[in-house]
Amino acid sequence: MFAWFIRHLQTLVGSLGELSRNPFSTILSVSVIAIALALPGGLFAALENINKFTDEFEHGAKISLFLSPEININEAKSLQTKLLNHQSIKHIELITPEQAMEEFKSRSGLEDALNSLTKNPLPVVLLAFPEEETARSPAKLADLINELGKLEQVELSQFDLEWIKRLTALLELITRAVWVIAFILGLGVFLVIGNTIRLAITNHQEEIRIIKLIGGTDAFIRRSFLYSGMLQGLIGGLIAILIIFILFSIISTPTSSLSSMYGITFNLDPLQFLPSLVLICSGALTGWLSARVTVGVYLRQFEPGKSNI
Amino acid sequence: MLIEFSNVSKRYPEGHEALRDISFVIDKGEMVFLSGHSGAGKSTLLRLVTLIEHATRGQVIVNGQNLGRFKRRNIPYFRRQIGMVFQDHKLLHNLSVFDNVALPLIVSGFHPRDLRRRVHAALDKVGLLNRDRAKPITLSGGEQQRVGIARAVVNRPSLLVADEPTGNLDAGLSDEIFDLFHDFNYHGVTVLVATHDLRHIKRLGKRNLNLSEGRLNIQAEGTD
Ligand SMILES: Nc1ncnc2c1ncn2[C@@H]1O[C@H](COP(=O)(O)OP(=O)(O)O)[C@@H](O)[C@H]1O
Ligand SMILES: [Mg+2]
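Residue numbers (our numbering), protein chains in the order written: chain A, 1 to 309; chain B, 1 to 224.
Hints in this document: simulated from the structure, not taken from any laboratory.
Hints should not be assumed to be uniformly reliable.
Far from chain A by the CB rule (all over 10 Å, computed), these chain B residues [what the hints assert, rightly or not]:
1) ASP27
2) THR50
3) GLY58
4) ASP124
5) LEU169
6) ALA171
7) HIS182
8) ARG199
9) ARG215
To give an idea of the interface, some chain B residues facing chain A are shown, with a C-beta separation under 10 Å as derived from the structure [as the list claims (entries may be wrong)]:
10) TYR77
11) ARG80
12) GLN81
13) GLY109
Small disclaimer: the values here were computed from a predicted structure and weren't measured.
Using N, Cα and C, we set each Cβ at its ideal position, and we do this for glycine too.
Turn these sequences into a full structure, and let the hints steer you where they fit.
This is the structure in structure tokens:
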């Protein structure tokens with residue numbers, strides 16, 4: 001087991017040496033791999049941020065229940081307590097007609113006109129804040145609004161759903177597009193690594209022939225190429241993370257100041273630890289697979305009857 | 001016997017018939033020369049023995065194994081039983097002499113603990129123990145060929161196959177190389193050497209398989 005480990009370690013170091021011996025082609029292919037990985041990685045990080053933004057918005061999502069005029073404050077309070085037990089509702093606020101009137105006065109600037117009213121015409125309003133799970137799903141939200149609207153104490157239950165539906169659908173579409181882009185670029189990484197491995201095999205034809213003649217198995221020959229492919233993917237992945245990080249720190253400040261102009265505090269998050277790890281690992285895995293396939297194809301030329309020794 | 005050819009023919013894809021209806025037997029522990037002019041088919045015959053090529057017709061048996069139906073993935077294990085020496089040495093020039101000789105042991109997963117001893121024993125046999133750290137390129141042609149021979153025997157193969165091993169060497173150096181083969185044969189290794197140098201065949205008095213234009217001529221003992 002130890003000898004096995006040492007042998008793998010030697011191959012690994014050997015492939016590192018091999019990569020550094022051809023600095024130009026190595027830098028070229030690693031850069032292409034890095035860019036190809038940075039694009040979907042960066043888009044993914046951007047999507048995460050948009051999701052975070054809409055999540056924050058949905059936290060504030062609330063359903064306004066305008067109660068019937070004959071419902072008084074006490075009846076409204078008992079309805080509030082009852083609805084608090086509803087599993088889809090997280091929290092309920094009660095707005096008395098007086099509070100509503102005050103707010104209306106200060107907002108509308110019609111203070112004098114409103115002061116002349118002898119009776120407050122506004123109903124009691126309950127603001128229902130749905131649980132997160134409900135808030136995130138337009139269908140569940142619609143069900144909840146419907147259900148609340150059917151209560152006899154409620155005259156009108158209202159929530160502007162359309163834009164949330166649209167936003168969620170749009171995000172879904174973009175997410176899928178990012179996966180498609182990731183797949184296509186992953187294929188690109190696969191081909192780029194395959195090409196460098198093919199060149200490496202061509203450059204080492206003589207060595208491969210000799211090793212096969214003295215009884216080296218395909219697995220033995222494959223090993224150093226597999227490490228080389230995996231290393232390229234790994235290094236490409238690390239550089240991709242670096243690119244995303246730099247890109248995000250460049251646009252982070254303008255994004256914060258822009259959002260603060262709209263009265264929102266919004267901080268751009270770079271790619272998180274787990275997705276970064278996934279990105280690096282998929283780079284390494286793609287490199288490994290690509291080398292495996294390429295070596296499998298190109299080692300066939302060394303079979304009996306196909307070599308001139 | 002160790003090697004048996006029965007009505008073997010070999011036609012290359014280009015259409016040239018390199019071997020025609022060859023039959024012979026080589027016993028375990030024998031030393032046999034393979035002679036003939038350039039283009040007679042010597043290398044082709046050795047390629048069939050070492051599974052670098054497949055016979056087009058007929059049957060080749062080596063070490064009890066029929067090479068006609070050999071699974072590709074078993075070829076490396078078959079080759080580990082054979083030591084091969086080439087006219088152009090086929091050394092890896094980015095490796096030291098020691099590493100070149102160690103390579104057959106490394107690829108067959110030999111335990112690193114005993115590796116040193118085995119490599120040094122092989123280098124000692126060919127008289128190059130003091131050059132183990134050198135790069136092959138710094139050695140003379142005769143020394144490089146001796147590294148090639150050390151590499152061929154380090155695995156202690158039962159069969160040693162050499163294709164014109166002294167083709168590029170002068171008479172004195174050739175004698176040394178052939179004496180080495182003779183010595184391995186004396187210690188029980190079956191040896192099959194292709195050469196067009198009839199002098200060694202006479203000198204060592206071994207059996208000679210003479211090829212001309214892909215056909216096998218009379219088999220002589222000690223003469224041509
Ligand atoms: N790979 C090959 N493809 C086609 N023809 C070949 C090949 N190798 C050898 N030959 C032909 O087969 C014949 C025998 O060649 P070879 O076995 O190399 O002879 P020798 O080793 O005795 O000089 C020659 O005519 C040669 O041109
Ligand atoms: Mg030849």
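Status of each hint after checking the structure:
1. ASP27: The claim holds: ASP27 of chain B sits with its nearest Cβ about 24 Å from chain A, beyond 10 Å.
2. THR50: Given that some Cβ of chain A is not farther than 10 Å from that of THR50 of chain B, nearest at about 7 Å, it is violated.
3. GLY58: 16 Å, holds
4. ASP124: Answer for ASP124 of chain B: holds, closest chain A Cβ roughly 20 Å.
5. LEU169: 20 Å, holds
6. ALA171: Non-interface label stands for ALA171 of chain B: nearest chain A Cβ at 27 Å, farther than 10 Å.
7. HIS182: The claim holds: HIS182 of chain B sits with its nearest Cβ about 23 Å from chain A, beyond 10 Å.
8. ARG199: 26 Å, holds
9. ARG215: 22 Å, holds
10. TYR77: Check passed: Cβ of TYR77 of chain B comes within 7 Å of chain A, closer than 10 Å.
11. ARG80: 4 Å, holds
12. GLN81: 8 Å, holds
13. GLY109: 8 Å, holds
Against the hints set out earlier in the document, a violation occurs for number 2 only.
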